[in-house]
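So the chains spell out like this:
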Amino acid sequence: MKKFALIAIFLTTVGFGGFAVAKHFWRGETMSVSRAEKLWGREDFVPAVFRAGESKTRAKMIGSLIASKWFVGKSVEAIRKELGDWDGYYFSDMFPAYIVQDGRVHNGETWQIVFLLDRDRKVSEVIIHKN
Amino acid sequence: MNPSLTCRFIVVLSCATILGSSTANADSCADWFAASKIKLGKDCLVKCVVAPVDMATFDCHNACSMLCSETVGTDFIFKLSELYPGLSDAERALVSTNPKAALRAYVAKGRAESFCAIQFVDNRTNDESDACRHFFWASFLRNDLGENLALKFLNAHEEHPSQPEPEKHMDIANNRLGLVAAERLIKKNGLSETALLKEFATALTQKKVIVLKPQAKDWKPK
Numbered sequence: 001m002k003k004f005a006l007i008a009i010f011l012t013t014v015g016f017g018g019f020a021v022a023k024h025f026w027r028g029e030t031m032s033v034s035r036a037e038k039l040w041g042r043e044d045f046v047p048a049v050f051r052a053g054e055s056k057t058r059a060k061m062i063g064s065l066i067a068s069k070w071f072v073g074k075s076v077e078a079i080r081k082e083l084g085d086w087d088g089y090y091f092s093d094m095f096p097a098y099i100v101q102d103g104r105v106h107n108g109e110t111w112q113i114v115f116l117l118d119r120d121r122k123v124s125e126v127i128i129h130k131n
Numbered sequence: 001m002n003p004s005l006t007c008r009f010i011v012v013l014s015c016a017t018i019l020g021s022s023t024a025n026a027d028s029c030a031d032w033f034a035a036s037k038i039k040l041g042k043d044c045l046v047k048c049v050v051a052p053v054d055m056a057t058f059d060c061h062n063a064c065s066m067l068c069s070e071t072v073g074t075d076f077i078f079k080l081s082e083l084y085p086g087l088s089d090a091e092r093a094l095v096s097t098n099p100k101a102a103l104r105a106y107v108a109k110g111r112a113e114s115f116c117a118i119q120f121v122d123n124r125t126n127d128e129s130d131a132c133r134h135f136f137w138a139s140f141l142r143n144d145l146g147e148n149l150a151l152k153f154l155n156a157h158e159e160h161p162s163q164p165e166p167e168k169h170m171d172i173a174n175n176r177l178g179l180v181a182a183e184r185l186i187k188k189n190g191l192s193e194t195a196l197l198k199e200f201a202t203a204l205t206q207k208k209v210i211v212l213k214p215q216a217k218d219w220k221p222k
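For the protein sequence lines, the chains are P and X, in the order given.
When the first sequence is numbered by the numbering used here, its final residue is 131 and no position is left out of the sequence of numbers.
When the second sequence is numbered by the numbering used here, its final residue is 222 and no position is left out of the sequence of numbers.
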């Protein structure tokens, strides 16, 4: 019985470890919302301002954009309508990604927000990703 | 009325409704497929998943592998490919009918992304880095898979209905440049990343590369 429990614990650990590694590989380097707010500040998310704004303006709205879950469940078309054409890139042309820190003026460190999509091409999560 | 009988009645009615609707749906998809005049065979699945649908037939693309009488393996990969993020239906169809080539196309995509990431400060959309990715992916595909299959993968990638037309035209034009450059270099027996980069840089200088949002005016190849 003890042996089975040990095997179960081992498999669970390996499983979770593998999942964590795969998730990191899939997503690349990401940033937490709290760190983003520390770096760039926090302002209310206003789609029109985000759309018209430079990366600096966009960066300040990330915290409230993610916390409000404004875009979760929305389609790619809805994002484009509210935020305009995206300028970032993540994994494929099909993932909406907007630059929030321009690497050309930040020692090559470009950051973007990425709208991850589910099987129905609806937003499942928004992440802050190092381009 | 006896509660257990009521339950049974509801279950039977639900089953009948589900069965009825799926049969009706299967029928309408079969009619839609017949009307599309797509022939069974090699390219059936690829053509089926991009055939126009309407409100009554909007989910028929999911039945394409069955309608095209594809093998169990192809059907399995087609369904499984739904889990892979960002693939168009045309890409899913191509992946399931050409799994080995799809793997090489995936590796070529990674190579093109890595190569262009070194050339530019960051990866963006509609700028020179975007053009670079398409140019190199097309070149690598041409070299790895041959012209026909390369073109199929490149075109399938552009079959996303939500992609704006100008972006689609930019990608297709830059794919073509990459294919032509690779073709030329293969004929001279001189295909290499360095030679391709030279071709890309020349085409960019001569404004043959299509860039909707130029970002890197003073760019030089590394």
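Heads up, a few of these hints could be off.
[Said to hold, decoys possible] Beta-carbon label-pair distances, calculated as ranges: (1) P:GLU109 with X:ASP43: 22 to 32 angstroms; (2) X:LYS168 with P:SER68: 26 to 36 angstroms; (3) P:SER34 with X:MET66: 40 to 50 angstroms; (4) X:PHE58 with P:HIS106: 27 to 37 angstroms; (5) X:ASN189 with P:ARG35: 36 to 46 angstroms; (6) P:LYS69 with X:VAL180: 45 to 55 angstroms; (7) X:PHE58 with P:LYS38: 24 to 34 angstroms; (8) P:GLU109 with X:LYS42: 17 to 27 angstroms; (9) X:ASP27 with P:HIS106: 41 to 51 angstroms; (10) X:ALA30 with P:LYS130: 43 to 53 angstroms.
Calculated directly from the structure, the hints in this document are not laboratory data.
Just so you know, even glycine gets a beta-carbon here, dropped at the ideal spot from N, CA and C.
Do the hints match the structure? See the list:
1. At about 45 angstroms, the beta-carbon gap between GLU109 of chain P and ASP43 of chain X misses the expected band of 22 to 32 angstroms.
2. Between LYS168 of chain X and SER68 of chain P the CB atoms are about 32 angstroms apart, so this pair conforms to the stated range of 26 to 36 angstroms.
3. Here the CB-CB span from SER34 of chain P to MET66 of chain X is close to 49 angstroms, well matched to the stated 40 to 50 angstroms.
4. At roughly 45 angstroms, the beta-carbon separation of PHE58 of chain X and HIS106 of chain P lies outside the given 27 to 37 angstroms, and the hint is violated.
5. A C-beta distance of roughly 52 angstroms is found between ASN189 of chain X and ARG35 of chain P, which places it outside the suggested range of 36 to 46 angstroms.
6. Range check, LYS69 of chain P to VAL180 of chain X: about 46 angstroms between beta-carbon atoms, so the 45 to 55 angstroms window is met.
7. Judged by the Cβ atoms, the range 24 to 34 angstroms given for PHE58 of chain X and LYS38 of chain P is violated: they are separated by roughly 46 angstroms.
8. Evaluation of the 17 to 27 angstroms hint for GLU109 of chain P and LYS42 of chain X yields a failure: the beta carbon distance comes to about 47 angstroms.
9. Separation of ASP27 of chain X from HIS106 of chain P is about 59 angstroms and departs from the stated range, judged on CB atoms against 41 to 51 angstroms.
10. Distance hint check: the CB atoms of ALA30 of chain X and LYS130 of chain P are about 49 angstroms apart, consistent with the given range 43 to 53 angstroms.
Hints 1, 4, 5, 7, 8 and 9, counting from the list given before, are not met by this structure.
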